[in-house]
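S.K.: Numbering follows our numbering, with no gaps: position 303 of the sequence shown is 303.
Hints are not guaranteed to be accurate.
Said to hold, decoys possible - Straight-line distance between alpha carbons at most 25 Å, and here's what the computed SDA-like set of lysine to any residue pairs gives:
{"#": "1", "residue 1": "K322", "residue 2": "N272"}
{"#": "2", "residue 1": "K273", "residue 2": "A370"}
{"#": "3", "residue 1": "K288", "residue 2": "E300"}
Keep in mind the hints are simulated off the structure, nothing from the lab.
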Amino acid sequence: MANNQYYDNITGQLKTYKSDLKILKIESINYILFMIFRSTMFKLNALNEAERSTYFKEGRLCKNDFYIELPSTILVKIERNYNNIMDFLTNKHSNYDNILFRMKYEKGKSFSYCLNYNLINDQFNLIDITRKSIYKHMNEVYQPKVSSSIINRELIALKNDFLNKFSIDFSGLSTQIDSSKIVTEYNSILGLIDYHNGKKWMSLNTEKDGRLHTNFTIMSSKHRKLIRNNKNEEFVEIDVGSCIPYLFIMSIIQKVEFYGDDHLKKYQLLFNKLNSRMIELGTVELLKAELKVMLIALEEDRFYRLFPLLNKIEILSFFFCKNGSKPSIENIIESTFPNFYYYVFQMKNNNFWVDQYQCPPKFDCNELLAHYLFHLEATLILYKISKRVKKSIRGIEIITIHDCLMVPSKYAEQVKAIMLEEFSNLFKIKPIIKIKGLP
Numbered sequence: 001m002a003n004n005q006y007y008d009n010i011t012g013q014l015k016t017y018k019s020d021l022k023i024l025k026i027e028s029i030n031y032i033l034f035m036i037f038r039s040t041m042f043k044l045n046a047l048n049e050a051e052r053s054t055y056f057k058e059g060r061l062c063k064n065d066f067y068i069e070l071p072s073t074i075l076v077k078i079e080r081n082y083n084n085i086m087d088f089l090t091n092k093h094s095n096y097d098n099i100l101f102r103m104k105y106e107k108g109k110s111f112s113y114c115l116n117y118n119l120i121n122d123q124f125n126l127i128d129i130t131r132k133s134i135y136k137h138m139n140e141v142y143q144p145k146v147s148s149s150i151i152n153r154e155l156i157a158l159k160n161d162f163l164n165k166f167s168i169d170f171s172g173l174s175t176q177i178d179s180s181k182i183v184t185e186y187n188s189i190l191g192l193i194d195y196h197n198g199k200k201w202m203s204l205n206t207e208k209d210g211r212l213h214t215n216f217t218i219m220s221s222k223h224r225k226l227i228r229n230n231k232n233e234e235f236v237e238i239d240v241g242s243c244i245p246y247l248f249i250m251s252i253i254q255k256v257e258f259y260g261d262d263h264l265k266k267y268q269l270l271f272n273k274l275n276s277r278m279i280e281l282g283t284v285e286l287l288k289a290e291l292k293v294m295l296i297a298l299e300e301d302r303f304y305r306l307f308p309l310l311n312k313i314e315i316l317s318f319f320f321c322k323n324g325s326k327p328s329i330e331n332i333i334e335s336t337f338p339n340f341y342y343y344v345f346q347m348k349n350n351n352f353w354v355d356q357y358q359c360p361p362k363f364d365c366n367e368l369l370a371h372y373l374f375h376l377e378a379t380l381i382l383y384k385i386s387k388r389v390k391k392s393i394r395g396i397e398i399i400t401i402h403d404c405l406m407v408p409s410k411y412a413e414q415v416k417a418i419m420l421e422e423f424s425n426l427f428k429i430k431p432i433i434k435i436k437g438l439p
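Could you build all of it, start to finish, from the sequences and the hints given here?
M.R.: Laid out in structure tokens, this is it:
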């Protein structure tokens, strides 16, 4: 089947697409590209170099091309004239090869498309299409979307800052896109544009992660540098170093208070139960020795270097993945810190929950671990530190990005001191607090 043909279900014949891109909705193009970037790049970015190499060698992926299964029902919802969309996907653009084209049709259910990302990286054709849409809709007004009553009640100051006090300095926007993080970069740019156009969204899911999500939380740090306040001041990020490992280890050595439902509080009790099991097994001293090494690494801001064969994303994935789903990562962590590995494994083990409570958990325990740590993080950043900063520094604007605060650079040292003090009030050991983005 040629690239410019499609199968007509009604006639049972192959037909040829006719090119008329002027009538194809620009929004449809953007959405198609977004779906392709998101589905393909997330999958590949999740693989380490060795896994990617195996993926290519086994013929599951051509070296410079990314594939996606995109159900035809999705395309139909975007643009009623399905052939117009397929026409765009198969059309020759400028003097370049097909940006996208259909590879195979199977059982009337889905098509496959192929994207050569080098064309994007070299010429930015797809990004340019998006920019046309940006300028076209620059004056369009959106309704801000704020969900969760908690935002209205307890986070009113953060909500007010987010909706009224920030702007984007597009003069500093780079035209270069990191080819290794295309979907992240694309998402980030969309976040900038949406906020600028008034499409501001803010949400918080108390049942799951407890984190505050906004346009800014999906942006890369280089794009967040473009945020300004009403005084046109630049912002810096004040970050908790190795926050997730730090909070997990703190939860082993002491009980901490956090905002969460009864199910998460039951999950927190598993730390005490597992500590008791380690004593029964006679491995508690071995665990303490491993934790001591980790705590020193945390204090010296080198926790992730304890695992030289893994990168930060791979190490963090160990805390949240299902047991046995990432053997190459799990094996390295187990061989380096076997007792710590056993501890995390049990905290993600549904059977451990069932042994204690004689009923299945509301979510799988690997998800509950993520929910617990994110709720603990939110308790600190959203409800304690942000509130204290607002009270201590009159008129300061704050943006929260999960485990960090963004504030005007002139307040950086003040805010860092407040964060350290708040952590000292709650934990036996302080984390590393880093200021990013100072001139």
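S.K.: All hints are to be evaluated individually against the structure, with a verdict given for each.
M.R.: Taking the hints in turn, this is what the structure says about them:
Taking the CA atoms of K322 and N272, the gap is near 22 Å; set against the 25 Å cutoff, the hint holds. Pair hint K273 plus A370 holds up; C-alpha atoms about 19 Å apart against a cutoff of 25 Å. Annotation: proposed proximity of K288 to E300 holds, straight-line Cα distance about 18 Å (limit 25 Å).
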